[in-house]
Amino acid sequence: MVLGFTLSEEGVAILHDALACMFKFSDDVCLEAKKDKLILTTLNISKSAYICFTFAASRFFSRYHFEGNSQYRDRFFCQLYVRSLLSVFRARQCGGESTGRESVIERCEVAIEDGPGKKSRLIARVTCRNGITASHSLAFEPKTPTHAKFDKTEATNHWAISSRTLRQLMDHFGPGIELLDINTDDDTRVVNFTCFTEKVQRRGANSNEAVLKKPLHTNIAVEMDEFDDVQVEDKLHIIISVKDFRAILQHAQMISGDLTACYSSPGRPMKLSYNSDGVLCEFILMTVGEEDAISQKHKTGRANSAVANAGRQELDSGARRASSVVNESQARNTQAKAPAKVQTKTQAQPQAQGSPRNSAAQQKTPPRPRQPGFDIRPQPNPPASARSTRSDSLFVGQVDDDQQWEPLDEEEEEEAQNDRLEWNSNNEPKPSTLRISSYANPTIQTNASEPDQPMSGLEPTQRLSQVRRFGLFSS
Amino acid sequence: MRFKTDLRNIRTFSKLVAALNSLEKIAWVRLDDDTVRFTVIPDTGSQVWASLSVDLIFDSYHIQSAEPNNTINLELPLGPLQRALKSAAGSNQANLRLTKRDGIPMLSMTIHAMTKDGAADARERGAPYGGGGHGYGANPDDPFGEDIFQQESLELIMKREREKVITQDIPVRVLHPDTVETIMQPKVREPDVHIQLPPLLQLKAISDRFTKLAMTTSSSSGRGGASQNPKLELSANMFGSLRLRLAAESLDITSVWDGLENPELDPSQLTIPIDEHPSTRFKQAGPDTWATVRVDGKDWSRVLSVGRLEGRVIACFADDHALILYVYVPHHDDSSAEDVVTVSSITVLFN
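Chains E and G, in that order, are what the protein sequence lines are. According to UniProt numbering, the stretch in the first sequence is residues 1 to 475, in order. According to UniProt numbering, the stretch in the second sequence is residues 1 to 351, in order.
Only chain E is shown next, with the shape it has when bound in the complex (with noise of 0.2 angstroms):
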């Protein structure tokens, strides 16, 4: 054994949240234990956002005990599926359909195996509450670990606040934006949030029309007194994913406390992190560049550069460059290994998730059907449960329950509300009349566009390189 660890019902939940965080930027998670910690580092796929989750070893595992081994003397890392972990520290998952206490997960017992003449396995014993034992053996990928670059002496400017009201203030924020400009005016001690998109609107939509289709733009001024440790440039814009910011914000809630960021200029690295009892989050993402925020602020025509661009950027990977002689020895030992490890895999664990490896691969095909996004509004349409009741019941209660209103075809109405607005683009030239009523039937047009979309399967939604357009987003 490499390592063995033991969490306590509440550590499989923090676990599986930090987990559940990382998947929304990438599908593997490298995994990184030293004598006194435990550490969780994945990178997006277009390499603009970092994450890295620290566990001490002291204070967040009931138990934890780091070997080595002769191959890993200070420290053990591997690569693992991020799906893989988070079906295993899924809390409730072995109690059939009881819902009670009963089924929730007690403890959770972890131990890594490797060595020469051992398989190398993930082992995860899960016991619940009523007394079962689930047991899972997860195959990995040695890996050195990327960790990102960022130099602290470089980032003057940087405040805190509440985690919390920095996420409840997202909710002010509309459907179909994509970037957040944080800037600060020093004359009226605020700090202002701003979020906007440069989407470019679809072609051959008249001018005039092409204007309601924007999206809300939103700013949120909060007075600088109400951040801690407060020191930014004036007038300084810093502009990052608004998508980044939410799954970062939906897990810093849950952490509760303070958030604190970090960050220099335009173009440079942005971090942001907190903290609780024995886990410590970091997330470093790149931030729009300059030139772009520029472009970006005089609308030009090429509005989507800066979007583009800001793809390009990456972060610097410290331990690549550091370490490439490392990684090629470490590559030339995995290449031996590795062959034969994904072959007992897919033997002992038929229907397992697929190996690292595989994922990778599968990044590059068809993008995995994304979790849904957190999504800042209350749901739009009630749980399946309270829609049933609803239609099989003809008489209902006079709640004031606002769904209730929402009109029958509620399939179509949510993708309506989901997606931002469109308005049918209708060319016909009709001074005298009014254009309210450009708007065609939604699934007609929805069918229009996508003809050849296959029935059944999963079918890829969307091309890759469109999504890479859009370097700084993950999806």
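It should be emphasised that the hints constitute simulated quantities derived from the structure, not laboratory data. Hints may contain errors.
Okay, derived cross-link-like pairs now, DSS-like style, lysine-lysine, Cα gap no bigger than 30 angstroms in a straight line [unchecked claim]: (1) E:Lys-34 to E:Lys-149; (2) E:Lys-152 to E:Lys-34; (3) G:Lys-4 to E:Lys-235; (4) G:Lys-4 to G:Lys-86; (5) G:Lys-100 to G:Lys-212; (6) G:Lys-283 to E:Lys-235.
Since chain E is already given, all that's left is putting chain G on it; use the hints.
Frame of chain E; chain G shown alone:
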């Protein structure tokens, strides 16, 4: 051209916008000295002409334009407006003004709000757990690393809650009077029957069920029927009865409401003597004389979402021709006007 106002009755405003938004994504808004009118005209389906007295949703209202009555015509997307109003709900204060940003006209909503930063909702989560979580953070004195795992005191999190200023800019188009001149509220002949509808939630639940049934039966009898939305038959008489009927190939179901009110007409509002009014004839003809219209089930469902405004709804039936719903929106938090029902009316037209 100037328009600036504080918002009041945000909940009502928000519900109105939600109801309109279920029918069409863009609305024409006509503002003048006394009224605010929201109009939606979908390609197919029902139109809404909603006239509200300014003080129902606005306060400290200032409007100024070169047009008579200081009229301003705007075209605006309802989704963003609804979204902005949602953000304003629960705020301390919110106002709305017409402005320009980067040369583009905007309806800018400024909201002063607080965040609810209570300690109570710390670590909300779906999974049932909590308590008994020993081991995690059991030893706060343990030195770990470089002092990065500081313990936060609660006061630190709770302190200094300040008001936030949220600005929501809704893109709008300012319409030239000539553009809207030609858009007229459809003229419909005097109705044969007018009746107060039963609670709309009930009516909607049953209508939706009928529509679903119709869709199920039509899809089982062939795919051709799916393209056409099911039609519901609505009838009313001048003796307090409303009938909702679904007649399909394989089934014929009817729901009847009795004891509804047929409001008295105000002769002063009529262009013809009351004796010559069609409703009088329908009344004389007895309870078996029904005025009937056929409505599209899905469209009807969307229309019925005006029920969320909790107003009194009068349906006017022009037999085999049109159905008009008048929704009277009550002034909610106006304590000075005790239970006064306003002249604010929303007209929904069916063809």
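Verification of the hints:
| no. | hint | verdict |
| --- | --- | --- |
| 1 | E:Lys-34 to E:Lys-149 | holds, 20 angstroms |
| 2 | E:Lys-152 to E:Lys-34 | holds, 23 angstroms |
| 3 | G:Lys-4 to E:Lys-235 | holds, 29 angstroms |
| 4 | G:Lys-4 to G:Lys-86 | holds, 19 angstroms |
| 5 | G:Lys-100 to G:Lys-212 | violated, 46 angstroms |
| 6 | G:Lys-283 to E:Lys-235 | violated, 73 angstroms |
Hint violations for this structure: numbers 5 and 6, all remaining hints satisfied.
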